[in-house]
Every structure is written in structure tokens, then in C-alpha cells.
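Use the sequences and the hints to build the structure in full.
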Amino acid sequence: MSTVSPLQSVPDAAGRFGSFGGRYVPETLTRALDELTAEYAKAQQDPAFQAELDDLFKNFVGRPSPLYFAKRLTQRCKGAQIWLKREDLNHTGAHKINNTLGQALLTMRMKKKRVIAETGAGQHGVATATACAHFGIPCVVYMGEEDIRRQAPNVNSMKLLGAEVRPVTSGSRTLRDAINEAMRDWMSSVDTTHYILGSVVGPHPFPRIVRDFQSVIGRETRVQSLERLGRLPDCVVACVGGGSNAAGMFYPFVGDSTVKLIGVEAGGRSSRPGDHASPLSYGSPGILHGSFSYVMQDEDGQTCDVHSISAGLDYPGVGPEHSYWKDAGRVTYTACEDDDALRGFDALAQCEGILPALESSHAIAFAMKHAATMKPDQTLVVCLSGRGDKDAAEIARLRG
Amino acid sequence: MTKIDDLFSQLRTSGKKALMPFVTAGDPDLQFTADVIRELDRRGCTMCEVGIPYSDPIADGPVIQASYTRALAHKIKVQQILAMLGKVSSEVKMPIVTMVSFAIIHRYGPEKFVADAKAAGVCGAIVPDLLVEEADRFSAICKAADFNLIELVTPTTPRERALRIANSSTGFLYYVSIAGITGERTQLPPDLVENVGWLKSQTKLPICIGFGISQPEHVKLLAPVSDGLIVGSAIVRRVAEAATRPRGEVLKEVGEYVSTLLAALA
Numbered sequence: 001m002s003t004v005s006p007l008q009s010v011p012d013a014a015g016r017f018g019s020f021g022g023r024y025v026p027e028t029l030t031r032a033l034d035e036l037t038a039e040y041a042k043a044q045q046d047p048a049f050q051a052e053l054d055d056l057f058k059n060f061v062g063r064p065s066p067l068y069f070a071k072r073l074t075q076r077c078k079g080a081q082i083w084l085k086r087e088d089l090n091h092t093g094a095h096k097i098n099n100t101l102g103q104a105l106l107t108m109r110m111k112k113k114r115v116i117a118e119t120g121a122g123q124h125g126v127a128t129a130t131a132c133a134h135f136g137i138p139c140v141v142y143m144g145e146e147d148i149r150r151q152a153p154n155v156n157s158m159k160l161l162g163a164e165v166r167p168v169t170s171g172s173r174t175l176r177d178a179i180n181e182a183m184r185d186w187m188s189s190v191d192t193t194h195y196i197l198g199s200v201v202g203p204h205p206f207p208r209i210v211r212d213f214q215s216v217i218g219r220e221t222r223v224q225s226l227e228r229l230g231r232l233p234d235c236v237v238a239c240v241g242g243g244s245n246a247a248g249m250f251y252p253f254v255g256d257s258t259v260k261l262i263g264v265e266a267g268g269r270s271s272r273p274g275d276h277a278s279p280l281s282y283g284s285p286g287i288l289h290g291s292f293s294y295v296m297q298d299e300d301g302q303t304c305d306v307h308s309i310s311a312g313l314d315y316p317g318v319g320p321e322h323s324y325w326k327d328a329g330r331v332t333y334t335a336c337e338d339d340d341a342l343r344g345f346d347a348l349a350q351c352e353g354i355l356p357a358l359e360s361s362h363a364i365a366f367a368m369k370h371a372a373t374m375k376p377d378q379t380l381v382v383c384l385s386g387r388g389d390k391d392a393a394e395i396a397r398l399r400g
Numbered sequence: 001m002t003k004i005d006d007l008f009s010q011l012r013t014s015g016k017k018a019l020m021p022f023v024t025a026g027d028p029d030l031q032f033t034a035d036v037i038r039e040l041d042r043r044g045c046t047m048c049e050v051g052i053p054y055s056d057p058i059a060d061g062p063v064i065q066a067s068y069t070r071a072l073a074h075k076i077k078v079q080q081i082l083a084m085l086g087k088v089s090s091e092v093k094m095p096i097v098t099m100v101s102f103a104i105i106h107r108y109g110p111e112k113f114v115a116d117a118k119a120a121g122v123c124g125a126i127v128p129d130l131l132v133e134e135a136d137r138f139s140a141i142c143k144a145a146d147f148n149l150i151e152l153v154t155p156t157t158p159r160e161r162a163l164r165i166a167n168s169s170t171g172f173l174y175y176v177s178i179a180g181i182t183g184e185r186t187q188l189p190p191d192l193v194e195n196v197g198w199l200k201s202q203t204k205l206p207i208c209i210g211f212g213i214s215q216p217e218h219v220k221l222l223a224p225v226s227d228g229l230i231v232g233s234a235i236v237r238r239v240a241e242a243a244t245r246p247r248g249e250v251l252k253e254v255g256e257y258v259s260t261l262l263a264a265l266a
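Protein chains in written order, with this note's numbering: chain A, 1 to 400; chain B, 1 to 266.
Source of the hints: derived by calculation from the structure; they are not laboratory data.
Among the hints, erroneous ones may be present.
[Unchecked claim] Covered, in the sense of this in silico footprint (three residues per stretch, anywhere, with C-beta under 8 Å from a C-beta of chain A), are these stretches of chain B:
| id | region |
| --- | --- |
| 1 | 51 to 59 |
| 2 | 70 to 83 |
| 3 | 105 to 115 |
| 4 | 131 to 144 |
| 5 | 154 to 168 |
| 6 | 179 to 190 |
It should be emphasised that the depicted structure is a prediction, and the values quoted were computed from it without experimental measurement.
Each residue gets a CB set at the ideal place from its N, CA and C atoms; glycine is no exception.
This is the structure we're talking about:
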């Protein structure tokens, strides 16, 4: 990395990103979180750990993922050159595998015998089930009933990979409730079980660990940009639910002041409360799932229901580092509505022959609009966080 | 000296132990919660924990979680709960403490929460998601207001850390009996008595045990080693029936249930 920004020297030892982050969890979990913090610190100093992860990235995941010039999409938008960081080409079809392999290696180091995970769109569930199958670790995945309905192909994949999928029937029966249930399981099994959290959310050290494992996206993009474009991109765009693909994409660019970073949240049906899942755009600082960050909450601190066409973005909170970047003014956050995301999906499918995940379609839709405001000699990179096979049936259902 | 300090001082002098029931505010409504609190007091319970419903409880099992969901379905607000407690606290002998997520306290405003709770006659708060590392500021606010911040130790807490928590906690120390979520259990961990005994030898702070306790046998086993016992899900499960059965019957059953526990404590 050419420059190291003070904005990259977070979190501190307490897991704080400025005022955000920290640990707001029951006391029962602190020993496991301390153990994970210590083991991760040791792993970072262990060349064998990084070598094993690098080998898995190269030979199991298929990294580096390509940086692809979307020529016809660029012609359609009549502005900046649009490039795609193809995380959809990773093994299991999304960026999620980067984090699950890293955390599965940590699970082995900690000698834990079982893994639990939560999933919204199912991509993290599939990636966790895959990593666990690779290492031979029993795996239970919590998933909201509504998401099980929306993401049947991924549910089937998890089962084929040997994972047990436990439906969650409480609350809104989506990702937020799946996280609650996974935390409850962990409370009762913490001595033997590692919780592979799927995004840059949750108590310290999860936001840092997940960001670090996902930063391979931004590091590769940086190198590829210098090689292919001869310079860094002018703008980088990624979708933000919990925010793991965006954190991994943005973090290596945070010190590069010439690179504009834009996160795109789920604007849902409208800006009215309950119609979207955009805590950075419309929420306020509060506590959810173990950390202090922007959340969708009412005047009493109760978490609000949220909506997104994309199961992976249908979450009322966001990673604390995004809150930090927002308040520091380093990253701009905006929202893109369901209908726009569908238009982004269609555009990429029809112009480039790529079916993007509905999550990534939010970033594509925004990038198309934004590229049109930029000059033809400028470049914009979109993190194409996952592929859209899982969403094809739901899109067909929505369109009747 | 707070009302809770006075209470434990008296209990120790008389060689007695505390029974602390837990009820969820607003399940099925605030009127019934007030009635249950009065009934628990009439039966001789020592202190009452009132759970302020939270949309995303992590430490709670299905019984208490469901009671929170029912209460929140009626759009119950913190100010309404404090207004109810303000009325009932002056009618009962037992001190009242709240079990409340820090998500709620943060949003409400920590200073305002302590001031309003105190004005409602609440003596302290148990904040299950506020770890000792994060508690400094709120702890100072509580101390300045002579409001107890009751902290938790669990079976997974290393001993050195348990002592740090005991030094920070006021009123009493909440010892969580099991590594898990709230809920009734038939078996308690075999090393529970020994672990609480060790902690009791290290601190003068009263120690009360909660999570999993529901039977007179549990009370008999744990009373000698603790200063008090906390019973939650077994009461909340009975109170839940007030939504579908005559309230007088449910109230009587709750009262009779705590009486069996009080008898085991005597």
C-alpha cells in the first residue's frame, strides 16, 4: 500500500472505530471473543497461516478474481469506463468465501469442534458450509424462514454440502433474527463452537477480522488497476448491507484521496421507515448485535423492521467501520431502490451476459447513473460481490 | 446506602436469603404487570426484577423472548413502563430493579434513564449487554445518582475478571448459573456451588444466582451458598397465560408458585 491513512489505523484495542464498534454482548461470550482476538493476533504473525490462506484463495477459490472492463455497459451509460471486480467468479459465487475460509482456519487453530453461522441471502451460509466441508467441521446455519423461501437454491446447496439449516421463525424471519438465534446458540455452546459471523458487524473482533479477510478484494483491485489502467480508479462503488464486500473493497483505498468511495444501501420501496434497509442514509447511532453503529431504531431503541428486495441487504444495522467512514466523510453512502436494482440487474445481464446478485445489482444501478456524470477518460470500479443465479427464481416470481 | 444495600444488610443480619422474581413489563399489559408485582410482594418476595422488553434480546431464551415480542406488539414504550412502576413502587415493600438492554438506555439517554427510573422508585438496573469494559461512563452516572448498576458474572468468566466485575458492581452481583440463555432447566452445573462459594469468599458484595432456576430443589441447593435466587422464565411462562385465561386464576397460580419457592428458602 502506497499510503497509510490514520483512518486505516482502526480499530483500537477495544474494537473502536472512533466512537463506533466495541462490544455490547452478554458476559458469557467475552471469553470466546477474547480467545478469538488473541488467536487472530497470533495468526497474523504466523507466516504459515497467511501462506495456507493464500494457497486456498488461489487454488480453492480461484483468486485473483478478474478486473473486467464492461465495454457495452460503458457504451450504454456514455460516461466513465465501468470496470467490474468479479467476486461472482469465486468458488461458491460470491465474496463470502474469502471470510469463511479465513475464519475456518481460525476455528482449526482454536481447536473448536463445531461451527455455527447465520445467513440472509444464503451466500454466507453456502460459503460457511463449503469451508466446513473442506476442513471436515460440523456446521449449523441459522436462516430466517422468509429468506429460506426467497433463497431456495442456496438452502439446497447448504444441505448438499452437509450443513444443517435451522429455520428461524421469530421476528421478521430474516437475517436480523437469524443473527439473534446464532448468538443464542453460541451462548450455550461457546466452549466447543466457533461462530463464523458473515459480515463486518457484531462485537469486536468480528468487524476487524471480516474486514481483513475481505480486504483481498481491494488489494487485488488496487494492483490490477495499476496494471490495467496505469493508475488508481477515480471511483469505487460497492453495495452495503452489513457491509463486508464494501469494507473489503474500500479499506485498501481509504488512504488514496483521489479515489472516491461510494457505498450503496438498499433503498427498498421508499424512504419511509420500514420500506428500506438504509441505516447509514436514514438511521441513527445505536446498538445492535453487539456493536455501536448506525441502526434503524425507533425512539425507544427498538430495532425497526426493514425491507429490501435483496435478502442479503435486508438488515437494520451496518458494520461500525462504515459508520466511522461516513462520519469522517471518507466514504459517501447513498441508497438505491428495489426497482432501480432490478434495472441494474437487467442492464448487466443484457449488456454483458452476467447475472449479478440482487445485492450487487444495487451497486450496478447506482454506478450506471454515476458513471454518466463522469468523463469518458475516468474510471469507475464496481464490486460485483456475487452472482445472481440464486435470485433468478425470485425475480421471475416478482415479475409474475 | 441504597434501598438494596439496606435490604441485604438486614437479610444478612437475620440470616435470610432473597427471592427475586422477574416479570416482563407489559405482558400481556401494564395493568397486569402491576397486579403481578403486587401479588409477588404480598407473597413475601424480596425484590422484583422488571424486564423492559427489547426487540433483539440475545441472552434470553424462548419464553422471555416471546414475552418481549407480545409486549412490543402492543407498542409499549419505556415511559409508559416507568409510569406504571412509579405508581406500583410506592405500594410495595420490595425494591424494584429493571433488566434493560443498553440499546434502550443509550437511545433514551443514560442520564435521563437513571433520573426517570429513580423518580419512578426503581433502585437499580441489570444491563446484560453492558460489559465491565464498556460500563465506566454509565457506572459513574449511576453512582452519582445512588442508583445500583448490578453486573453479571458467568461460568465462562475467568476468576480474575470476576473479581474486577465484583469490584465494579453495586447492590449485588448477578451470578449466571449456566453458560447459556435464560430458561428453566432440570439440571444445574455440578460445579456451580463451588464456583459461587469461591466468589463469595472473595467479595463482600451480596451474590444472587439466576438463569435456569425454577424448582424448590434448586432453591434448597443454592440458598446456602448465595444471598438470593432469581427466578424468571418459570414466572413469565405462567404470566403468559393471562392473555387467554381468567386473570385472577393466573395471578393466584403465580402467587402459589412463588410461595413454594419461598417455603423452600425458609
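Verification of the supplied hints:
1. 51 to 59: holds (count 6)
2. 70 to 83: Holds, because 3 residues of the region 70 to 83 of chain B bring their Cβ atoms closer than 8 Å to Cβ atoms of chain A.
3. 105 to 115: holds (count 4)
4. 131 to 144: holds (count 3)
5. 154 to 168: holds (count 7)
6. 179 to 190: holds (count 3)
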